[in-house]
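**Q** Keeping their order, the protein sequence lines are chains R and A.
Sequential numbering from 1 applies to the first sequence in my numbering.
Sequential numbering from 1 applies to the second sequence in my numbering.
Keep in mind the hints are simulated off the structure, nothing from the lab.
It is possible that part of the hints are untrue.
[Unchecked claim] DEER-style ranges, computed between Cβ atoms:
| # | chain 1 | residue 1 | chain 2 | residue 2 | range |
| --- | --- | --- | --- | --- | --- |
| 1 | R | R32 | A | A300 | 34 to 44 Å |
| 2 | A | D125 | R | D44 | 50 to 60 Å |
| 3 | A | Q97 | R | R32 | 31 to 41 Å |
Model, not experiment: these values are computed from the prediction.
All residues carry an ideal CB built from backbone N, CA and C; glycine is no exception.
Below, each chain spelled out in residue letters.
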Amino acid sequence: MSGPTVLVLAGGLSHERDVSLRSGRRVAEALRSTGVDVSVHDVDADLLPLLDEVRPALVWPLLHGASGEDGSVKDVLEMCGLPYVGADPRASRLAWSKPVTKTLVASAGLHTPRFVTLPQSLFRELGANQVLSTVTSGLGLPLAVKPSRGGSALGVTIVRTADELPRAMVGSFAYGDTALIEEAVDGTEVAVSVVDTGDGPHALPPVEIVTDGSYDYDARYVPGRTEYFTPARLSDEVTAEVCRVAVQVHRTLGLRHLSRTDLILDPAGQAQVLDVNTAPGMTETSLLPQAAVAAGHDLGQLYGAIVEAALAQS
Amino acid sequence: MTPDHGDRMGQVTPASGSAAPVERPPSGTRLDPWLGSYADRTHGMRASEIRALFAVANRPEVVSLAGGMPNLAGLPLDDLAESAQRLVASRGQTALQYGSGQGDQTLREQILDVMRLEGISAHPDDVVVTTGSQQALDLVTRLFINPGDVIVAEAPSYVGALGVFRAYEADVVHVPLDAHGLVPEALEETLTRLAAQGRTVKFLYSVPNFHNPAGVTLSRERRPRILEIARRHGVLLVEDNPYGLLGFSGDPLPAMRSMEADGVIYLGSFSKTFAPGYRVGWAVAPHAVREKLVLASESAILCPSNASQLAISTYLTEHDWKGQIKSFREMYRERRDAMIGALKEHVPDASWTVPDGGFYTWVRLPDGLNAQAMLPRAITALVAYVSGTAFYADGQGADHMRLSFCYPTPDRIREGVRRLAGVISAERELVEIFGTGTGPERRIVEPPAPDLA
Numbered sequence: 001m002s003g004p005t006v007l008v009l010a011g012g013l014s015h016e017r018d019v020s021l022r023s024g025r026r027v028a029e030a031l032r033s034t035g036v037d038v039s040v041h042d043v044d045a046d047l048l049p050l051l052d053e054v055r056p057a058l059v060w061p062l063l064h065g066a067s068g069e070d071g072s073v074k075d076v077l078e079m080c081g082l083p084y085v086g087a088d089p090r091a092s093r094l095a096w097s098k099p100v101t102k103t104l105v106a107s108a109g110l111h112t113p114r115f116v117t118l119p120q121s122l123f124r125e126l127g128a129n130q131v132l133s134t135v136t137s138g139l140g141l142p143l144a145v146k147p148s149r150g151g152s153a154l155g156v157t158i159v160r161t162a163d164e165l166p167r168a169m170v171g172s173f174a175y176g177d178t179a180l181i182e183e184a185v186d187g188t189e190v191a192v193s194v195v196d197t198g199d200g201p202h203a204l205p206p207v208e209i210v211t212d213g214s215y216d217y218d219a220r221y222v223p224g225r226t227e228y229f230t231p232a233r234l235s236d237e238v239t240a241e242v243c244r245v246a247v248q249v250h251r252t253l254g255l256r257h258l259s260r261t262d263l264i265l266d267p268a269g270q271a272q273v274l275d276v277n278t279a280p281g282m283t284e285t286s287l288l289p290q291a292a293v294a295a296g297h298d299l300g301q302l303y304g305a306i307v308e309a310a311l312a313q314s
Numbered sequence: 001m002t003p004d005h006g007d008r009m010g011q012v013t014p015a016s017g018s019a020a021p022v023e024r025p026p027s028g029t030r031l032d033p034w035l036g037s038y039a040d041r042t043h044g045m046r047a048s049e050i051r052a053l054f055a056v057a058n059r060p061e062v063v064s065l066a067g068g069m070p071n072l073a074g075l076p077l078d079d080l081a082e083s084a085q086r087l088v089a090s091r092g093q094t095a096l097q098y099g100s101g102q103g104d105q106t107l108r109e110q111i112l113d114v115m116r117l118e119g120i121s122a123h124p125d126d127v128v129v130t131t132g133s134q135q136a137l138d139l140v141t142r143l144f145i146n147p148g149d150v151i152v153a154e155a156p157s158y159v160g161a162l163g164v165f166r167a168y169e170a171d172v173v174h175v176p177l178d179a180h181g182l183v184p185e186a187l188e189e190t191l192t193r194l195a196a197q198g199r200t201v202k203f204l205y206s207v208p209n210f211h212n213p214a215g216v217t218l219s220r221e222r223r224p225r226i227l228e229i230a231r232r233h234g235v236l237l238v239e240d241n242p243y244g245l246l247g248f249s250g251d252p253l254p255a256m257r258s259m260e261a262d263g264v265i266y267l268g269s270f271s272k273t274f275a276p277g278y279r280v281g282w283a284v285a286p287h288a289v290r291e292k293l294v295l296a297s298e299s300a301i302l303c304p305s306n307a308s309q310l311a312i313s314t315y316l317t318e319h320d321w322k323g324q325i326k327s328f329r330e331m332y333r334e335r336r337d338a339m340i341g342a343l344k345e346h347v348p349d350a351s352w353t354v355p356d357g358g359f360y361t362w363v364r365l366p367d368g369l370n371a372q373a374m375l376p377r378a379i380t381a382l383v384a385y386v387s388g389t390a391f392y393a394d395g396q397g398a399d400h401m402r403l404s405f406c407y408p409t410p411d412r413i414r415e416g417v418r419r420l421a422g423v424i425s426a427e428r429e430l431v432e433i434f435g436t437g438t439g440p441e442r443r444i445v446e447p448p449a450p451d452l453a
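Whole structure, please, built from the sequences with the hints as guidance.
**A** Dropping the structure here:
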């Protein structure tokens with residue numbers, strides 16, 4: 001077997017290490033099945049010497065959270081002169097911050113739930129109760145409280161009554177010192193993955209997510225609590241619209257190769273952008289692989305095409 | 001778009017490629033075609049967010065005070081390798097073959113020597129060798145527990161036992177312990193209350209020595225009292241004793257099995273005093289129970305590993321195993337001292353037990369703090385611990401955490417506690433801002449995996 005040597009980066013020192021390791025294994029397996037020479041490595045003190053020694057043709061960072069998603073690992077890869085899969089450092093930095101993403105998405109004319117971004121220090125300065133009551137009068141209820149950075153729904157709480165809000169804030173601040181509080185929009189939850197294998201970004205079939213509660217960590221990674229419909233049970237027009245939104249988000253943020261946009265279709269039928277992932281999960285239960293399979297793709301071939309596209313760009 | 005959708009196992013497969021331009025799936029997938037087939041007892045088994053956070057704990061940057069891995073640094077690996085080679089060369093036909101369901105006869109005799117250190121006299125026939133004492137715990141629970149039966153256990157209790165009890169759908173009722181172990185008056189009160197409610201208590205589960213997670217030891221004076229109370233209420237005692245020989249001062253206390261044979265199932269293990277990789281533990285049980293244990297074990301695993309048993313038997317014959325335990329004790333005592341010293345220095349407003357042996361100290365957090373809520377912050381600060389909630393069947397314990405001192409070096413322990421102090425102080429600021437009682441919903445927490453350092 002011959003072909004490019006691909007180094008998959010998985011693990012890292014983030015809260016989402018476990019998910020990253022699983023994503024990395026799955027992608028490596030799929031690529032190997034098509035004859036690509038793949039190895040998997042953690043982001044640790046051995047990495048740079050290894051990159052220096054092995055000089056892989058391409059690096060595929062499947063890192064979730066922290067340095068893996070905030071653009072810094074990619075900065076290092078650029079300095080090493082190594083091509084990689086996914087958004088460049090600048091776009092990664094933008095998309096890593098949920099408030100920045102939402103602001104850019106809104107500036108592009110897309111819809112996203114109203115929100116505020118509040119650091120922990122503000123609650124000390126102004127008094128927690130007063131800030132929270134201002135937030136609930138401004139944004140109403142229910143609310144979604146989440147760390148301003150990070151994924152896998154870690155630290156995310158849906159708040160339906162005002163007295164649940166302090167607990168939700170504590171849950172979010174355990175993961176980071178800034179929280180995003182946004183209107184929790186009820187509606188149909190849809191994730192649209194976008195891939196670009198060299199001919200421009202195009203959307204995979206939307207995946208509709210139905211859970212018995214919130215789509216939290218447990219619901220995401222333990223089969224059973226969540227029912228997925230792929231393609232989503234939407235009319236052709238709405239399907240086309242959510243796909244258009246996801247592709248526009250991908251372009252607006254300047255993303256590359258792959259992304260996933262999580263949306264909610266509000267009762268008025270408006271697609272509201274909740275979050276954008278530059279390193280979408282690739283685990284057994286993740287959404288991008290489900291969408292790809294539903295679209296008739298062989299995962300190994302699709303990932304191989306992404307590898308080819310990234311190599312061609314380098 | 002190819003509308004070929006459905007589960008691979010064919011549970012839900014809509015017609016595909018038919019006339020409609022876009023085929024909509026009539027129902028979704030839950031990504032597990034066997035979802036409807038699982039037994040009720042599996043319903044509590046799930047990967048939690050908390051468990052996932054431990055994924056970083058084995059990274060060298062993280063000081064893990066979470067795991068329970070013994071430190072094997074002191075083992076004479078070259079000698080053990082040479083013994084293993086000789087074993088396979090000279091007795092390979094036995095070592096690599098199936099063996100007795102009850103376990104190797106010679107090893108069972110040697111186990112009597114080990115137990116004699118804690119005053120136990122028994123017959124080799126009373127001993128059943130198992131795959132770690134964890135398997136013995138599983139077998140005992142399988143033999144005695146119908147769904148809904150009550151097991152009385154210490155509060156807190158060993159997380160691995162709670163997992164077994166949950167798997168057999170037992171109802172665990174906790175009884176408090178204090179600095180001297182299980183509180184006899186509380187046990188009496190609980191057993192009386194349960195009897196009045198018509199509840200069937202099948203056994204009392206206790207870790208009397210250097211308790212996991214509480215670090216305390218059942219006092220000599222209380223031991224006969226606990227036995228008497230259990231006997232009077234017709235309740236069997238399961239005495240789980242993996243750490244008994246790892247005391248830091250004085251001789252081991254007499255095991256409760258040394259005071260009573262008929263009402264006690266004793267569980268022992270080589271995992272903490274030698275090496276967990278062999279997975280060899282044992283149970284000593286009254287003869288009728290032992291007969292059933294052997295049958296149950298044969299149906300589960302046919303026989304414990306002969307290779308492991310013979311390796312341990314060789315080790316016990318050829319090595320100064322008592323000297324090895326002594327050096328383990330000294331190593332762990334030094335680490336305990338580092339842990340307690342660092343707690344005094346860095347977290348003076350918490351309180352903790354000072355264990356006289358074993359692996360763990362049990363820390364009560366300053367008021368209002370929630371160990372489960374604080375864990376993500378600790379992971380960010382590169383220190384890990386286990387939230388107290390893991391050690392209760394009923395969601396208590398958020399005000400405690402278990403810190404283990406078995407694996408990291410004394411310097412790393414001090415550094416870990418120093419980091420923890422920063423985490424506690426940051427979390428306290430959060431509680432001051434938002435008020436107490438703001439921890440996460442109480443729910444059953446899965447334990448970290450066994451290979452966590």
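**Q** Now look at each hint and say whether the structure bears it out.
**A** Hints, verified against the model:
1. For R32 of chain R and A300 of chain A, the hinted distance range of 34 to 44 Å is satisfied, since their beta carbons lie about 36 Å from each other.
2. The beta-carbon spacing between D125 of chain A and D44 of chain R, approximately 52 Å, falls within the hinted interval of 50 to 60 Å.
3. A hinted range of 31 to 41 Å holds for the C-beta pair Q97 of chain A and R32 of chain R, which are about 38 Å apart.
Figure legend: structure checked against the earlier numbered hints; every hint is met.
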